[in-house]
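Asker: Those protein sequence lines, which keep their order, are chains A and B. Quick note on the working numbering: the first sequence kicks off at 2 and runs consecutively. Quick note on the working numbering: the second sequence kicks off at 2 and runs consecutively.
Just to be clear, a hint being listed does not mean it is correct.
Chain copies aren't distinguished; within one or between two, either way the pair holds.
Unchecked claim - Under the rule of at most 30 angstroms between Cα atoms (straight-line distance), these lysine-lysine pairs were calculated in the BS3-like manner: (1) Lys-110 x Lys-242; (2) Lys-157 x Lys-250; (3) Lys-139 x Lys-4; (4) Lys-113 x Lys-211; (5) Lys-113 x Lys-220; (6) Lys-157 x Lys-6; (7) Lys-190 x Lys-139; (8) Lys-6 x Lys-139; (9) Lys-139 x Lys-157; (10) Lys-205 x Lys-157; (11) Lys-205 x Lys-110; (12) Lys-45 x Lys-139; (13) Lys-190 x Lys-242; (14) Lys-220 x Lys-110; (15) Lys-205 x Lys-242; (16) Lys-139 x Lys-110; (17) Lys-211 x Lys-139; (18) Lys-157 x Lys-242.
Since the hints were derived computationally from the structure, they do not count as laboratory data.
Number of protein chains: 2
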Amino acid sequence: MDKQKLYVIKIGGSLIDNQETLMNFLEQFASINALKILVHGGGKLASDLAVELNVPQQMTDGRRITNEETLDIVTMVYAGKINKKIVAKLQNFNCNAIGFSGADGNLIKSEKRSVSNVDYGFVGDVDSKSVNVDLLQKFLELQLSPVFSAITHDQKGDLLNTNADSVASVLAQALSQNYDVELLYCFDKDGVLEDVVNPDSAVKMLNFAKYEQLRSENKLHQGILPKLTNAFQAKENNVNKVVLHNETKLQNQINHQNEGTEIIL
Amino acid sequence: MDKQKLYVIKIGGSLIDNQETLMNFLEQFASINALKILVHGGGKLASDLAVELNVPQQMTDGRRITNEETLDIVTMVYAGKINKKIVAKLQNFNCNAIGFSGADGNLIKSEKRSVSNVDYGFVGDVDSKSVNVDLLQKFLELQLSPVFSAITHDQKGDLLNTNADSVASVLAQALSQNYDVELLYCFDKDGVLEDVVNPDSAVKMLNFAKYEQLRSENKLHQGILPKLTNAFQAKENNVNKVVLHNETKLQNQINHQNEGTEIIL
């Protein structure tokens, strides 16, 4: 029997920080007539709250050093405010959304990052074995649309801050056992730009050789590197289709499949 | 066929504000060998955060006036920090907990309280028809233990702050259709005290006449009135057993059934 289609869709800060484009996106997401999972990052809200609460934030290589106070902040903002607002809005658009952290139902466990040069604190790393596929499948069979914040847990009682691009990638990988998965990274560009200063220079198809070439020529926007690492990892691990595209054009991607940059091997 | 036993257990601020008694309680909760649902309030944490963020809080008759900023605070604290920490700890105690707001899976919808003398803002009221029994039953059949914060939604896209005692009561009422429900209100006293200054004066059984008598004699602790209203409402609506007891003695209540004050008609 053919596998059922499942979209795993990741959205990030640029969308979450803009109420109007977020609502527009959620309406498009709700209208997808297929199984679907949403994974969201946090945007500026966590950093803003940290400033208000006088909790200094330290970033290393774009990752947030997560001490106990910062873990509380990201849990409140990602798993609380953002996650529940998205779920309530999707319910209004007649999508039976259900919000999760990785601790809920033990859906995504992670490994606390070991201390080498840097102690990242309460930061967890995931792989495709992190995902509770059986339970997620039960939820999908109930026609629920899971909405994940990128807070996971170590099964020892601690929550861990996790990269949302990685969460989307491992969900897509793990669920590819049972579904025809399309992984969509939605962001504020039309795809992977061949020339970072030219917004119209998105490449249609990106294979690993081309990616290495663009990277070695320093042509890629810094922020896209972890997204591409996760995108290639998904493609290498049996995810049927992986696309990076503009967050304002979800419906075009779903209906016509011709947006953004498709990752190929 | 006999209905399956289901515990609906409410915990409040005194427990949540004390890390050690909370851990002790959660270990007892995890060890209950029956279907179980936990409902938690918020404790002082939301008020503390409001102070830190300079969001003035206004209480009327013990209820929090909930403007948009305050709704964000309670959503972050109740549905985020407290809910996810409880779930992660229960996972560590081998209980497959899954945290919910009422928006998730449309599990609990509420009606925004209409403005009469007081505009409570984003405050929602629930009744037994608010509960999505079918979906909750599916989760219980999967051996999941739902953990509810008292944030609900109006199905029109807004989250609503809801009384946690009421949430526990309506969950117990609605699920009594299909389960043999025991509703436990856990708090920091040994039960309903006949003499508020004597901690050893808990009554074993409380019927409505006795309750009215104690109330008219001003013998009841103010904070217990809404709990008792919800407790009697549950008992009147087919909840098999309703007990108010000491949060440190859950296991005794489960094993020996002789703790606290039982509500009778």
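Asker: I'd like to know which numbered hints this structure contradicts. Please list them from smallest to largest.
Answerer: 4, 5, 7, 10, 11, 12, 14, 17, 18
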